[in-house]
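Generate the whole structure from the sequences, applying the supplied hints.
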Amino acid sequence: MTTARIPLLHRYANPAAFGRLAAQILPWTAGASAILLGLGLYFGLFASPPDYQQGESVRIMYVHVPAAIMSEVVYGLMAAAAAAGIIWKHALADLFVKAAAPLGAAFTFICLAAGSLWGKPMWGAWWVWDARLTSELVLFFLYLGYLALVDAFDDPQRGLKAGAILVLVGVVDLPIIKFSVDWWNTLHQPASLMTLSGPKVDPSMLLPLMLMIGGFTTFFITVVLMRLESELLARRIRAWRTAAGDE
Amino acid sequence: MTSFATFLAMGGYGGYVWPAYGLTLLAFAGMLVWTMATLKARRREEQGLSAAGRSRRGRREAK
Chain A
1 MTTARIPLLH
11 RYANPAAFGR
21 LAAQILPWTA
31 GASAILLGLG
41 LYFGLFASPP
51 DYQQGESVRI
61 MYVHVPAAIM
71 SEVVYGLMAA
81 AAAAGIIWKH
91 ALADLFVKAA
101 APLGAAFTFI
111 CLAAGSLWGK
121 PMWGAWWVWD
131 ARLTSELVLF
141 FLYLGYLALV
151 DAFDDPQRGL
161 KAGAILVLVG
171 VVDLPIIKFS
181 VDWWNTLHQP
191 ASLMTLSGPK
201 VDPSMLLPLM
211 LMIGGFTTFF
221 ITVVLMRLES
231 ELLARRIRAW
241 RTAAGDE
Chain B
1 MTSFATFLAM
11 GGYGGYVWPA
21 YGLTLLAFAG
31 MLVWTMATLK
41 ARRREEQGLS
51 AAGRSRRGRR
61 EAK
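Each protein sequence line maps, in turn, to chains A and B.
So in our numbering, spot 157 of the first sequence is number 157, and the numbers just go up one at a time.
So in our numbering, spot 35 of the second sequence is number 35, and the numbers just go up one at a time.
Mixed in with the good hints, there may be bad ones.
Said to hold, decoys possible - Straight line, CA to CA, 30 Å or less: simulated DSS-like cross-link-like pairs of lysine-lysine:
#1 Lys-200/A - Lys-178/A
#2 Lys-120/A - Lys-161/A
#3 Lys-161/A - Lys-178/A
#4 Lys-200/A - Lys-40/B
#5 Lys-89/A - Lys-40/B
#6 Lys-200/A - Lys-120/A
Everything labelled a hint here was simulated from the structure, so no lab data went into it.
Computed from a predicted model, the values in this text were never measured in an experiment.
Structural data, given as structure tokens:
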């Protein structure tokens, strides 16, 4: 399958066409994100009970868990786009990887920082070299490695390609993060949301958690669309410069 | 203690809860501001270059 057979995708590699599409989607995702985050903060900070064991410190969960989920989802999307970029050679796929990477790194940072701030009062340590924490730290370094690699070449196309390969190799870390709490005896608690028997979180805490997960997701969509348009523009700017230099 | 002070204290965990929310807010604001500033600058630059490109092409065709 070549890009010629995906005319819809091909059209949106043009920054102006993509910008028009993004302008139609953005108000909805941005609005949804603001509402979901607002409600999530209200329920998370005011209208939900303290935990019977962890007291008020449990409120850190409402930023830690959504950030942790996004750190993995964003990487998964980047890996899928990296594979699509290699197979179909579509510019949008490669540029999506680049556009999403700093956002994934930021979510991973939030996950680690909030987790550390939760770990200190609950475990008595800011950090432990437990399998869950270590594999999440590896994910952070994968993001940073990608960001360093993608801009390390004179030819941006080569940077994108090298980055895509790094992202695909690093994808092995995702199942390790997910199952680390089952495979090893970790200090980190096991899954309580995505279990075979459904969420094991009380509804009063599940509500703010779901609102925040929705808020984080729509925030990501909003910002990644803007970043994607920005990357398409950068490509166009390079093309104009090359054309001007040739004369 | 006022109810607001009680809220800020977070049952003694205020020193952990608020930094966690503060860092999250900072990271979100950073992503948004940086992305919007870059997009705005690139839109402007691309407009300038495409206008220059069109006028170059126009001159060439006029010759």
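* **Hint numbers not upheld by this structure, sorted from lowest to highest** => 2, 4
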